[in-house]
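Per our numbering, residue 1 is the first one in the sequence shown, and the count goes up by one each step.
Hint data in this document are derived by calculation from the structure and do not stem from the laboratory.
Please note that a few of the clues may not be correct.
Below are the DSSO-like pairs computed for lysine-lysine, each with C-alpha atoms no more than 27 Å apart in a straight line [said to hold, decoys possible]:
| # | residue 1 | residue 2 |
| --- | --- | --- |
| 1 | K531 | K238 |
| 2 | K531 | K549 |
| 3 | K282 | K585 |
Across the chosen pairs, the derived CB separations fall in these ranges [as the list claims (entries may be wrong)]:
| # | residue 1 | residue 2 | range |
| --- | --- | --- | --- |
| 4 | T371 | D467 | 29 to 35 Å |
| 5 | K589 | S430 | 44 to 50 Å |
| 6 | T593 | S519 | 53 to 59 Å |
| 7 | G237 | S383 | 38 to 44 Å |
| 8 | T599 | T371 | 15 to 21 Å |
| 9 | G598 | T445 | 29 to 35 Å |
| 10 | Q495 | I595 | 44 to 50 Å |
| 11 | S239 | A270 | 18 to 24 Å |
| 12 | V428 | K394 | 40 to 46 Å |
| 13 | G185 | T371 | 52 to 58 Å |
Ideal placement from N, C-alpha and C gives every residue a C-beta, glycine not left out.
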Amino acid sequence: MSGGGRHRRRVRIALPVAAAGVAAAVTAALLTSSAGAATALPQPQPTAAPELSSPSPAELKKRLAGALAGDDTAGQANRSSLSKSTTTGTTTGAGGSGSVIDAKIIGGSTTAITSAPWMAQLHYYDDRGTSRTSDDIGFFCGGAVVAPTKILTAAHCVKGYDWNANGAVVTGATQLPSVDGNLRGGTVSGVWRQWNHPSYNATTIDNDIAVLTLPGPVKATPIRMTTSGDTASYAAGKSAKVYGWGRTSSTSQDVSETLKAATLPLQSDATCARTYGADFVKGHMVCAGKPATGADSGTTSACNGDSGGPLVVNNRIVGVVSWGVRDCVEKGAYSVFAKVSSYVGAAYARVDDTNISGDHRADLWARKSSTTTGYSLDSKGSSFATRRSWGNWKGVNTVLQTDLDRDGYQDLVYRSSSDGAVYWTRYVVSSDSWSTKRIFANWKTRTRIVAPGDVTGDYLPDLLSVDSAGVLWIYPGKGNGTFSARVKAGSGWNQYNSVRGHGDFNGDGKTDLIARHKSTGAVYLYKGTGKAGTGAFSGRVKVRTWSNKTYNAFAAVGDVSGDGKADFLARTPGGTLYLYKGTGKATSKIFATRISVGTGFQQYGIFG
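Using the sequences and the hints given, assemble the complete structure.
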């Protein structure tokens, strides 16, 4: 993209830094009751002081200043030599010094944040704890708001860096901040959690996708990722738009002070492979643009500083800026992006990962039958940590784990035993307390209530219920604990003695359900379509047969293992709890070999 900007020198490799842990905030405060509640509300006891990891304004200002003055570019990797159609040499992620390929808008035009309200600036600064400046790390990447607390970006912008300790995210601004900390109308936030694709390869820049979780929601309007089945958006010649504040010329290291956008035609896999050979991984990457001319004139391309930004088709993210040729304009070259349709399943698990302890692994909430004490059990990946008490949860017969307001903190939905009223209790960051309100009345005869996440495809969590006649109803969430008018999704659902769901079981980025037939024990996958109404789930697929003698209770709480796939929990009549890690396959191989995560679980009558 053309235009003036701030000077940024070439790359210095950054040393990996471990991500900082975040203590659980969810169990740290008392619930507050709604006025006029029909039943006494649960009062979990606090177990630890909340640590929300929200940096002070002064600290965020320091990080912005350091990143803006920094001379680094995120990530660096050695790759194989290019094919004969480009210059042979070492290749890198986001623009390594002396590299031939690096992650990178030249050409294009100035645009305003109002046309791309989901754009985010990612600033990183680490002074390494020394008085020297020579070892400082400072760089800038782009990103996109895909949920109120979630930023989609590139793995090479995240892997090896501690964003919790050193990051700052600016949203709502057309311009970069000034050196004195003026946000130009935007807002700045720290970073609570970070995730990059577990198969990201810094050498090949493959699986280059990541998600940052902010400590509180931002006002920026989110943009959705494309779906796994989307092929039309990747058709050769299709027009896409890339956005960013990156370099504006191949002959200058200046980045743009103002947001830029450029229109690029999508290229076929065959064209990309002819240009880059084995460096281009079909199915994982997509390239776009017209062949570069060898100079700024006639070239439109992403460039350094645009890393992590979105490639957009029909208001959906189809790609994330990943890599390109050095200085962005080498003759015949194209910009390369991570192909979002291939990663939406793994990324969606992170958008919906509001577990109790905040570590990207879904935790389990359970209530002991004899004492009605509620407990949370934090996931350790393949097991659970020692349970933590939430106090007495007498008077309820259903408890579900969800995040109805998409604020990044896990909520609970529960039903009163006495009158069937359904309540939503949520953690309020600003007051460090819990707020509870009734969301439905008289659901006493509902045979199933499910909080699976986003069923309708709008990135807002929904609720489902099965009534006494066996009708499955969808209650489309509005993202604030209220719902649109219910929509009938199907009938005959009382043939199942278990209907569970939380997340995406087959890896397509859409929320699914798992149901077990009460007489045959057949277990079915109902694949979500991202639509409301009778088309919300495709035809069922039998994936297991589990009789009541095999398992008598199930829980679906999301991604327990933290690998980006939804998992399933099953309990034997004897009380052994097994973890079935998801594989992302919509077949009998939907789950990996079971892992015992403990015994004595027969004592719990409610699983979240």
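Okay, the hints, checked on the actual structure:
1. K531 x K238: holds (25 Å)
2. K531 x K549: violated (36 Å)
3. K282 x K585: holds (20 Å)
4. T371 x D467: 29 to 35 Å: At 32 Å between Cβs, range holds.
5. K589 x S430: 44 to 50 Å: holds (45 Å)
6. T593 x S519: 53 to 59 Å: violated (27 Å)
7. G237 x S383: 38 to 44 Å: Since the Cβ atoms of G237 and S383 sit about 51 Å apart, the hinted range of 38 to 44 Å is violated.
8. T599 x T371: 15 to 21 Å: Given about 19 Å between the Cβ atoms, the range holds.
9. G598 x T445: 29 to 35 Å: holds (34 Å)
10. Q495 x I595: 44 to 50 Å: Given about 30 Å between the Cβ atoms, the range is violated.
11. S239 x A270: 18 to 24 Å: holds (19 Å)
12. V428 x K394: 40 to 46 Å: violated (24 Å)
13. G185 x T371: 52 to 58 Å: Between G185 and T371, where Cβ atoms are some 53 Å apart, the hint holds.
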